[in-house]
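Engineer: Okay, here's what each chain looks like letter by letter:
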Amino acid sequence: MPFELHFPTTFEEAWALLEKGPPGSTLPIAGGTDLLLAMEFRRFSPRHVVSLSRLPLQAYEVGPEEVRIGSLVPLRTLELDPRLCARLPALVEAIAEVGSVQLRHRATLGGNVVRASSSSDLLPPLIALRSLLTLRSREGRRTLPLEEFVQGSWKTGLRPGELVEDVRVPLPRPGTYRWQRVRPANDISQVGLAVVRHPAQAGGLRWNLVAGGTTPTVQRLIRAEATLVSEEPSQEDVALAAQRAAEEARFATDLRAAEEYRRHLLQVLVRRGVEDVLRSPLAKEVRG
Amino acid sequence: MRRTDALPKARGALTYGADLAAPQMLWAAYATSVHPHARLRSLPVEEARAMPGVRAVLTAGDIPRVLPKRRWDPSRPLLVETECRFQGEPVAVVAAQSLVEARAAARFLQSKAEWEVLPAFTDLEKEFPEWPDVETMKRHERVNAHVLARRGDFERAVAEADLVHEETFRTPMVAQVPMEPHACLARVQGDDWHVQTTTQTPFGMREDIADKLHLPEAKVRVEGTWVGGGFGGKNEALLETHALLLSRLTDRPVRLSLSFREEFLFTRTTQPAIFRMATCVRDGKPFARRTRLLLDTGASLPGRDFALGYSLGFTLGPYRWDTWELEGYALRTHRAPFGPHRAPLAPQCTFASDGHMDSLARRLKVDPFQLRLEQVWRTGDRTPFGQEVPPFAAAAALEQARALEKEWRRGLAPGHGIGVGLGFWSTGTSMGGEAVLTLGPKGLTILQGEREIGSGSVVEGLRVIAAQATGLPEDAVEVVYGDTSTAPFDSGVFGSRTVIALGRAVEKGCEALLKELARRSDHSPGEAGEATPRPRTSRGKLRLDLQGGEVFVRSPRGTGPLLGYLTEEERNGGGLRAHGKEYGRSHELDSSGAVEGDLYAYSDLIAAVHLAEVRVDPDTGSVRVVRYAAFHDAGKVLDREGYRGQVEGGLVMGLGTALSEEGLITSEGRLQNAGLLDYRVPTIRDAPSDLRIIAIEGFPGSGPQGSKGVGEPPIIPVPATVANAVADATGSRVLELPLTPERVARALALISPGAPTGPAGPVTPAVRGRPK
Ligand SMILES: Cc1cc2nc3c(=O)[nH]c(=O)nc-3n(C[C@H](O)[C@H](O)[C@H](O)COP(=O)(O)OP(=O)(O)OC[C@H]3O[C@@H](n4cnc5c(N)ncnc54)[C@H](O)[C@@H]3O)c2cc1C
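Chains A and B are the protein sequences, given in the same order.
My numbering puts the first residue of the first sequence at 1, with every later residue one more than the last.
My numbering puts the first residue of the second sequence at 289, with every later residue one more than the last.
By construction, these hints were calculated from the structure, which means they are not laboratory data.
Keep in mind that a hint or two might mislead.
What the hints assert, rightly or not - With a straight-line cut-off of 35 Å between C-alpha atoms, the simulated DSBU-like cross-links for lysine-lysine are:
id: 1; chain 1: B; residue 1: K297; chain 2: B; residue 2: K796
id: 2; chain 1: A; residue 1: K20; chain 2: B; residue 2: K400
id: 3; chain 1: B; residue 1: K924; chain 2: B; residue 2: K796
id: 4; chain 1: B; residue 1: K297; chain 2: B; residue 2: K507
id: 5; chain 1: A; residue 1: K20; chain 2: A; residue 2: K155
id: 6; chain 1: B; residue 1: K400; chain 2: A; residue 2: K155
Using the sequences and the hints given, assemble the complete structure.
Structural biologist: Here it is as structure tokens:
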């Protein structure tokens, strides 16, 4: 299907374009690594495609307690930043597994969260890290926890005309991203798992565990998280959490893996993930 | 050697099939069947013809009109007439002003076609849970071919054995997956049927087109383009016939190419096989083997066996047996037709045959190297089919691999294992070829009919051979690519034969040139103007050289410019010419074994012994190859780098067959992973970084300077080697390819053994016994 490609330079222009026509007839494009495939497979047939490349969505600030990542920052930039590598291992480990280097020069965080794929490698760490999204529209800005934003494959809390401006992630956070694929490089994970430890909060959880490869989208493993109460849970607690995770996760059988195998994998990944985080230098450094 | 095509390829400067364009060109696209087996009820052709930009729609019904004087052979359909035979079979081809319009019309046809779905036979396992008896198979209308060959009485061997070792191995559909999809540009002008296409076999293609369209071969002109990999998938005429017919219909050039989805669905490929292996042992010595093979040959034409006998031979391994029995059935199913694929079925046969040998060694608690060494063919032995074994390096390769294995085994990390695999191949030297060489004052040109398919055998191999044969630097040798009407005949770039047969033709051409120069040197007046013939001292010692851009002849009589050796005619006509030909020889089989069905004779025999160290994750079943060594029977290495590249590429490709590649079908027989997303070929990051290639020389073959082919051998032992290493690491043997983490997890009993991967789609009744 032929379409017209626009390059607005201001938000006003972008919104004017995005509000045109019936829903679905105009779509924004960032790196295009998801959208172009979806158009090729006819999931979307927009008449107008709005490039975000000339909008000020490239902000990237690493502060002492938070990193703010403009929705258009390519994944490759994040992966190569030593400040993130040292302080957000869960996110950087996951980014390094997305597709290939070529792909990561184009793909963005904004596109990944709006795609909201159940097999995304980035949603598990971003949700486990308790990331916040800034959404921007004519009505102004609003902030939403990523966990609430993601609803299912291609389903999010994005309102018509709204754009993802940035993603804010707290740091430093000990953590890790674990995955298994049939082919290690450039494949879709059969199961992905992010494990992140947060500082103590009154009555709050210390650990967040989020799995991908689940159905219908990525899933927080609430019962497993509840099992890991302390900063340094015992081996028994870790084993119990792994078991609970395998029980509570919603998996299906598809051509990438059988449900039974996914459950088995998740149990292994939870045990290894938590143990590896506990052993990591960052976990020893960031306490309290 | 320096690959002159490397930089232009990296920069995208070379023209591949899909890059072809011509003024006034129309774009074509396929509408294909979406069912493996169904009857076509209706197709809205007239509506498609009226769509924007559409210039023609070709269906089976139109073919007699386009080829009015030709009789039509309905057993070889070019397009679906009434019943489709596999999912992805072309039903109609659209030609339009633009690709978008062609695809829109094709998609319209495909989605609006009405089908009556018929039961599909796509699952060998379901159809034949047990080895079928002869009577059933005699009546089974899906048996395309039957081979039964034996020496001695296997049942008696069973009675005499201390131990009968039995295993069943299974292998899935795997595809060639060249990076470049099939593409061509066809133009019919008068009775010149001209097609430019990405092919491994221009002359085979010409024959195939002429045959399918009932044209005289001389009217068909096939011109090759640069080829982005073939692996056996670019041999026969697939889309070329359709593009030519559309061009005839529209009087315009027509471009047709396949999408990756179509690549998986409708090109010929390797389909599933089940190998039932049995080996008899007496006094610790394996002495008898039987293989029973069920081979899915897809929707191939009745009577075609696709070298069933040739494949079966590989299941005996390169081993001596007192008694052997090979039996196999090629079955016609509703999958895409079986076809050549880098050593067709040899990696699968070797997975079964060599895996079986390896598990036997473990069962007998003997060194797997020792067991193989005691049985393996050595030069001068007789093959099971009674041929004398030509120089063959298997034992030498095994010995070297054994030494390295000892080294690796010291300090082997826990969870790691080492496996050895032995495979062999035979080059297609009996398939001939020719080249025309012209030696002029500036250098040598080789006119020949092949195109470079990626290995370097044409673009560089022929130059290296000519340079080494004459003494000229490679830069002074040029390869010219003719089409089928200008170049001399050659069989094609396949079967490890290019360097061996076409290369030998070039070498012979060079020898003829030198011989003629030597004759002239001995008989000619020479520079001094003497008329009397001199003693014949020059022959064999004469070499060429390039000095200041001029070709010089160096003979015992001294060095002089080539020009002085040429007649006036030759000086005007570009130089001295020679026509090199190599047609090999066919080999005889000893027929004293009882043979039913065709077995094939070998020519050069090439051994490949691989060694892999793997790490198996004991909790997840995932397998990582940490180091790999390949010991190859090279005959003589003509070019180190080229040789290394060929072996590396082949074995990484084999790692895909071993670990991740498989076509998955639904219960209705539809391919679920027709595309690069879920059909997983290895990427460069999946290749082991510790890769050793060891060429064993001194067991000459029939190629230039005693070289042997290296196209297929590198892929053959890989699946067996990896599976043997996994068995070594875990004590469990995976009997089915590929060794995905899930399959290994099942073998390790981490999860239940049976439950298959894949959605439980709607179930159509399986075809049992005789399908209607
Ligand atoms: C070969 C390949 C391999 C891949 N491998 C992986 C992998 O391993 N792991 C993984 O997680 N993903 C993978 N992906 C998916 C993809 O690369 C990621 O999801 C990527 O992050 C998407 O970003 P993008 O900028 O390309 O998004 P686009 O394709 O540009 O956009 C995706 C969607 O988001 C919308 N959108 C984009 N930006 C905004 C914004 N700022 N505001 C509002 N809406 C927006 C678009 O309209 C579109 O609907 C792979 C893709 C390919 C093609």
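Engineer: Please work out if K297/B and K796/B have their alpha carbons no farther apart than 35 Å.
Structural biologist: holds, 31 Å
Engineer: Taken at face value, is the distance from the CA of K155/A to the CA of K400/B at most 35 Å?
Structural biologist: holds, 31 Å
Engineer: Would you check the hint for K297/B and K507/B, treating anything up to 35 Å between C-alpha atoms as holding?
Structural biologist: holds, 33 Å
Engineer: Below or equal to 35 Å on CA atoms is what counts here, so check K20/A against K400/B.
Structural biologist: holds, 32 Å
Engineer: Just to be careful, I want the Cα atoms of K20/A and K155/A compared with a cutoff of 35 Å; is the pair within it?
Structural biologist: Holds, at roughly 21 Å.
Engineer: Are the Cα positions of K924/B and K796/B separated by 35 Å at most?
Structural biologist: holds, 17 Å
Checked against the numbered hints above, the structure violates none of them.
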